[in-house]
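**Student:** Chains as they are written, first to last, in our numbering: chain A, 1 to 456; chain B, 457 to 912.
These are calculated hints, taken from the structure and not from any lab test.
For glycine and all other residues, C-beta sits at the position ideal for the given N, C-alpha and C.
Hints may be right or wrong, so weigh each one.
So the derived list for chain A, only partly shown, Cβ under 10 Å to chain B, looks like this [to be verified]: (1) 9; (2) 97; (3) 99; (4) 220; (5) 231.
There are 2 protein chains.
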Amino acid sequence: MDTNRIDAYIDENLPRFREELFEFLGIPSVSARSERKADVRRAAAWLADRMRAAGLDAAIEETAGHPVVLGEWRGAGPDAPTVLIYGHYDVQPAEPLELWTSPPFEPTIRDGRIYARGAVDDKGQLFLHVKAIEAHMRTTGRLPVNVVVVAEGEEEVGSENLVPFLEANAARLRADAIVVSDSSMVAPGVPTIGASLRGISYFQIDVRGPAQDLHSGSYGGAVMNPATALARITASFHDADGRIQIPGFYDDVRPPEEMREQIARVPFSEEAFREETGSPALFGEKGFGTLERLWVRPTCEVNGLLSGYTGEGSKTVLPSTAMAKVSCRLVPDQDPARIAELFIAHVRRVAPPGVVVDVRELHSGKPWRARLEGPLHEAGARALEHAFGRAPVLAGEGGSIPIVSDFERVLGAPVLLMGFGLPGENAHAPDEWMSLENFEKGTHAAAALLSELAAR
Amino acid sequence: MDTNRIDAYIDENLPRFREELFEFLGIPSVSARSERKADVRRAAAWLADRMRAAGLDAAIEETAGHPVVLGEWRGAGPDAPTVLIYGHYDVQPAEPLELWTSPPFEPTIRDGRIYARGAVDDKGQLFLHVKAIEAHMRTTGRLPVNVVVVAEGEEEVGSENLVPFLEANAARLRADAIVVSDSSMVAPGVPTIGASLRGISYFQIDVRGPAQDLHSGSYGGAVMNPATALARITASFHDADGRIQIPGFYDDVRPPEEMREQIARVPFSEEAFREETGSPALFGEKGFGTLERLWVRPTCEVNGLLSGYTGEGSKTVLPSTAMAKVSCRLVPDQDPARIAELFIAHVRRVAPPGVVVDVRELHSGKPWRARLEGPLHEAGARALEHAFGRAPVLAGEGGSIPIVSDFERVLGAPVLLMGFGLPGENAHAPDEWMSLENFEKGTHAAAALLSELAAR
Numbered sequence: 001m002d003t004n005r006i007d008a009y010i011d012e013n014l015p016r017f018r019e020e021l022f023e024f025l026g027i028p029s030v031s032a033r034s035e036r037k038a039d040v041r042r043a044a045a046w047l048a049d050r051m052r053a054a055g056l057d058a059a060i061e062e063t064a065g066h067p068v069v070l071g072e073w074r075g076a077g078p079d080a081p082t083v084l085i086y087g088h089y090d091v092q093p094a095e096p097l098e099l100w101t102s103p104p105f106e107p108t109i110r111d112g113r114i115y116a117r118g119a120v121d122d123k124g125q126l127f128l129h130v131k132a133i134e135a136h137m138r139t140t141g142r143l144p145v146n147v148v149v150v151a152e153g154e155e156e157v158g159s160e161n162l163v164p165f166l167e168a169n170a171a172r173l174r175a176d177a178i179v180v181s182d183s184s185m186v187a188p189g190v191p192t193i194g195a196s197l198r199g200i201s202y203f204q205i206d207v208r209g210p211a212q213d214l215h216s217g218s219y220g221g222a223v224m225n226p227a228t229a230l231a232r233i234t235a236s237f238h239d240a241d242g243r244i245q246i247p248g249f250y251d252d253v254r255p256p257e258e259m260r261e262q263i264a265r266v267p268f269s270e271e272a273f274r275e276e277t278g279s280p281a282l283f284g285e286k287g288f289g290t291l292e293r294l295w296v297r298p299t300c301e302v303n304g305l306l307s308g309y310t311g312e313g314s315k316t317v318l319p320s321t322a323m324a325k326v327s328c329r330l331v332p333d334q335d336p337a338r339i340a341e342l343f344i345a346h347v348r349r350v351a352p353p354g355v356v357v358d359v360r361e362l363h364s365g366k367p368w369r370a371r372l373e374g375p376l377h378e379a380g381a382r383a384l385e386h387a388f389g390r391a392p393v394l395a396g397e398g399g400s401i402p403i404v405s406d407f408e409r410v411l412g413a414p415v416l417l418m419g420f421g422l423p424g425e426n427a428h429a430p431d432e433w434m435s436l437e438n439f440e441k442g443t444h445a446a447a448a449l450l451s452e453l454a455a456r
Numbered sequence: 457m458d459t460n461r462i463d464a465y466i467d468e469n470l471p472r473f474r475e476e477l478f479e480f481l482g483i484p485s486v487s488a489r490s491e492r493k494a495d496v497r498r499a500a501a502w503l504a505d506r507m508r509a510a511g512l513d514a515a516i517e518e519t520a521g522h523p524v525v526l527g528e529w530r531g532a533g534p535d536a537p538t539v540l541i542y543g544h545y546d547v548q549p550a551e552p553l554e555l556w557t558s559p560p561f562e563p564t565i566r567d568g569r570i571y572a573r574g575a576v577d578d579k580g581q582l583f584l585h586v587k588a589i590e591a592h593m594r595t596t597g598r599l600p601v602n603v604v605v606v607a608e609g610e611e612e613v614g615s616e617n618l619v620p621f622l623e624a625n626a627a628r629l630r631a632d633a634i635v636v637s638d639s640s641m642v643a644p645g646v647p648t649i650g651a652s653l654r655g656i657s658y659f660q661i662d663v664r665g666p667a668q669d670l671h672s673g674s675y676g677g678a679v680m681n682p683a684t685a686l687a688r689i690t691a692s693f694h695d696a697d698g699r700i701q702i703p704g705f706y707d708d709v710r711p712p713e714e715m716r717e718q719i720a721r722v723p724f725s726e727e728a729f730r731e732e733t734g735s736p737a738l739f740g741e742k743g744f745g746t747l748e749r750l751w752v753r754p755t756c757e758v759n760g761l762l763s764g765y766t767g768e769g770s771k772t773v774l775p776s777t778a779m780a781k782v783s784c785r786l787v788p789d790q791d792p793a794r795i796a797e798l799f800i801a802h803v804r805r806v807a808p809p810g811v812v813v814d815v816r817e818l819h820s821g822k823p824w825r826a827r828l829e830g831p832l833h834e835a836g837a838r839a840l841e842h843a844f845g846r847a848p849v850l851a852g853e854g855g856s857i858p859i860v861s862d863f864e865r866v867l868g869a870p871v872l873l874m875g876f877g878l879p880g881e882n883a884h885a886p887d888e889w890m891s892l893e894n895f896e897k898g899t900h901a902a903a904a905l906l907s908e909l910a911a912r
């Protein structure tokens, strides 16, 4: 039977899959950094080569930013379903480098985990689909369904050029189902299908006061300190109970009741989660549990602060500028455009006198709620059960994959969110890792999914 | 007459004085930076050489930190008065380097100003005393009074080792008068005697939350964000009217009435001051004018903020730590030790849950009020009138020279604050400068002061 042969091929070739993944992880394709542009392009070229080796037609498609790598196989014919697999080959910046146990772009295995920037977000999860395709091709000479792989290089900087790309290529990319593996399972051994994603509105606030840094003695007390102004603005986002104070912010948020039942089924320990974060205590919006805070409640988080002298020792300077990066995670049915209006209006309203405050949106993405009925989700559930030996749970996802709702809107097909990360995987943080076991089982699940989609 | 010959010597030798000062300014003696330790020592050795060339006995006196350069001449005999001249040869860090018009350690003259880090704070003001001594020595073969020059290398990092040095050498350093030139005139052409100095309490606040940076989507909303916690703490220091909200902070502050009369005599334009700062508007504690805010009211200013991702573009990180440097400028009769207790207690009280907050004092210095009667101040007033052609005004000083009150306490002699900086001189900021005219007139005033002290 094909399934057995395909699974056997995966098991036999896993060491080579891993070596290839290590090559992929070794390329520092940091999309946020202009000085990494050549590395991003190198990662795209490498990925296109691997797609070709797996049996796809592959092309590097230019955009206004980093390119899209497009892989295609249409040999199942016009009557067979077409599945579009999405992932991204760009990664977050690796800083602060000194907090990595091993260098971020020198993949290393420790304790059954692959440590590297991008291991789980998203190179490992994208690459396992390429290997699943290879397993079918080398075993049976074909795929059970038509396949399109869309790998973008700008997910970590807001996917600005992907929607124009999708819109420009909507006919070519037409699909019956979309599969995305860029999320996590709720616990080791518990396969998970995503029920929702949070959206995002990411802002930068720049406060300007004096024309240059001033002596804090000679001038202190006589001008507004931009860092103080920024602190006042930043402190205004929440009350002491963790509730966001931006007027109108919660207007479009649904009551959490409908997810409470699902959340109750998810194996989850508040204390294990706290340990995973390393925080002295959990803290969040009053009246909600941790999974509710992560899955069905929006946030407003400071991502960065910078002002004045931050080096060793003391410098008595009154800073001329202060900067904050702040992002809101949004839940259905919040609209990023509306949130940006509210956020910007709020910052302008609370800005103290004596400084000039500039606030601008750096990027945004819509929240998403899965269509949990239909053949795509049934196929996904069977594929996951095949690989992991148990039925998947449904889970929200605190992170954002803004492109998911765009895919549904532009291509008109439902998305299956089938992620192979794990809690504590340090995506966006030092010592990012992906479980070796999940890379293996994820490859089996991805291969099984292609078969299940044909069988529906 | 000696005075005329001494003034003539200064005028004739000014070009060489300036060249020597440029050598001094070229040494990056940044006391806050451990990697500049050798440069600090090089500046000390250079200064000792120049003191010797001026006719002083000079020695480099070791301390637990950067050394003190001690110059002495006791030839006026035990019945003549002894004047101790204090200055510092260390400088503030020069960062941000990109904001300097010319490199900070390559002194340059533009528009009658010497631009360099340390030009006015304090190498230029210290060095003019050395040149005044040289002028006496080369002209008359002696000084009118006994002279001790104490030049420290740790003023910009809190003068930690100077008081122990003074205490250990109190007998040797015994003086009848102490002269400090490390402050500013209120306006060009208006010689100024300092009536008061603000003290300082400098703190660092470190907030720790998660064990490492977290993904702001996967974890945002479920733990306290250290940057948000820091913003809340920092925003708590003032109310919207600029009044400090630390309980007990103003308890020992005198009402400003006694300085209001002096302040009314000082030529001062609020608009010119605003332009000098480059701020869009002046702002400070409600109910006080700018000079009151600078001279007789305490402050609480943020000197630096750092948390999370501060580079180009956007990174969706929930930071593990956040840091603020905050310093309070104190007025008579506030006590830095008491302020430190109040500040630390306040920070602990307002710190939100879910993070660990560490607050520690980095350094402190007492405020000071001049004894404005007596022969020292009369001599100072005559010397300034001789050099500038008009009587000096009395002025407060917003900055701190913590060592001033220590000198009075340990050595029991009054301090004359006779500064030659000017508004807008950018001490502690990029493009620091000293007026060439003030370097020249300051040298004349310093020379005249030695004569006036003998004549009293």
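**Student:** Any CB of chain B closer than 10 Å to the CB of residue 99 of chain A?
**Tutor:** holds (6 Å)
**Student:** Quick one, is the residue 220 of chain A hint okay against chain B at 10 Å, beta carbons?
**Tutor:** holds (4 Å)
**Student:** Measuring from the C-beta of residue 97 of chain A to each C-beta in chain B, is the shortest one below 10 Å?
**Tutor:** Given a least distance of 12 Å, the restraint on residue 97 of chain A is violated.
**Student:** Quick check on the hint: residue 9 of chain A CB to chain B CB, less than 10 Å?
**Tutor:** violated (33 Å)
**Student:** Let me know if the C-beta of residue 231 of chain A comes in closer than 10 Å to any C-beta of chain B, holds or violated.
**Tutor:** Constraint on residue 231 of chain A satisfied, holds at 4 Å.
Figure legend: structure checked against the earlier numbered hints; hints not met, in rising order: 1 and 2.
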